[in-house]
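Dock chain W against chain Y, hints included.
One line per chain: the protein sequences are Y and W, in this order.
Read in order, the letters of the first sequence correspond to residues 5 to 133 in my numbering.
Read in order, the letters of the second sequence correspond to residues 5 to 133 in my numbering.
Among these hints, one or two may not hold up.
Unchecked claim - Simulated restraints on C-beta separations:
1. Y:68 with W:54: 23 to 31 Å
2. Y:105 with W:43: 23 to 31 Å
3. Y:39 with W:84: 29 to 37 Å
4. W:34 with Y:73: 46 to 54 Å
5. W:47 with Y:40: 42 to 50 Å
6. Y:101 with W:109: 41 to 49 Å
7. W:106 with Y:114: 48 to 56 Å
8. W:109 with Y:48: 36 to 44 Å
9. W:48 with Y:91: 29 to 37 Å
As the list claims (entries may be wrong) - Computed list of chain Y residues with no C-beta within reach of chain W, every gap over 12 Å:
10. 16
11. 38
12. 39
13. 49
14. 60
15. 72
16. 74
17. 78
18. 95
19. 106
20. 108
21. 112
Hints are computed from structural coordinates only; laboratory data are not their basis.
Note that the Cβ used here is the ideal one computed from N, Cα and C, for glycine as well.
Protein chains: 2
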Amino acid sequence: MLNYAPDLDRVFQALADPGRRLMVERLSRGPASVSELGRPLDMSLAAVLQHVQVLEASGLIRSYKAGRTRTCSINPVALRSAEDWIADRRSMVERRLDRLGDYLAQTADKPDPGRAAEPGEAANVHEEQ
Amino acid sequence: MLNYAPDLDRVFQALADPGRRLMVERLSRGPASVSELGRPLDMSLAAVLQHVQVLEASGLIRSYKAGRTRTCSINPVALRSAEDWIADRRSMVERRLDRLGDYLAQTADKPDPGRAAEPGEAANVHEEQ
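Only chain Y is shown next, with the shape it has when bound in the complex:
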């Protein structure tokens, strides 16, 4: 019944935290180490690592360790899957509202053929719905 890819749950959950969004924003400008990601955030390295793990589990970022440094980079595919989901719904809403707008404009343009148009009639269009 709920046939969405389960990772959208994790992607949106990962984006629901302002600190993690700041990390995504930083990584959209290029790869960074975990300590670089933590620098603008007022939290322990352990807390930063936990956020990195949430982001990685969601697929939004990838990381690899070289020596003692873990370097993170962004995965635009996961970012796009979330964007596409929202964009599809938003465009459906806007198309529907456009059609409603067209309908209202037509109703306002074309007075009831059964009687003569009166000045100011278009102002009643909302009450006629």
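Relative to chain Y, chain W alone:
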């Protein structure tokens, strides 16, 4: 330091649940009552109402009550704010990857002027970074 509008937290949190995404999808096709929203979901009306409240608190939907029926409709503005946030980061990533691609293509096209180009040299381009 974390200067995002706080509602993005709530919008992404609201979208992190597959049942709530199904409700958003239904509402993107037009207004619906709470019981209509709950119909495809295997949960109690109380649970459906709780999801509706999360969606409403995030700004993704609005609702009004007439008699005993609460009717919900979508708010495309909140949907667009989430979409814009993701799209801005995703396009930043893609511009950066395009520039990197251009750089790699140029490096592959132009052999080191200090020595003669050898066949298969372009294959080394990743090791030269």
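Quiz item: What are the numbers of the hints that this structure violates, sorted from low to high?
Solution: Checked against the structure, the hints that fail are numbers 1, 10, 17, 18, while the rest are satisfied.
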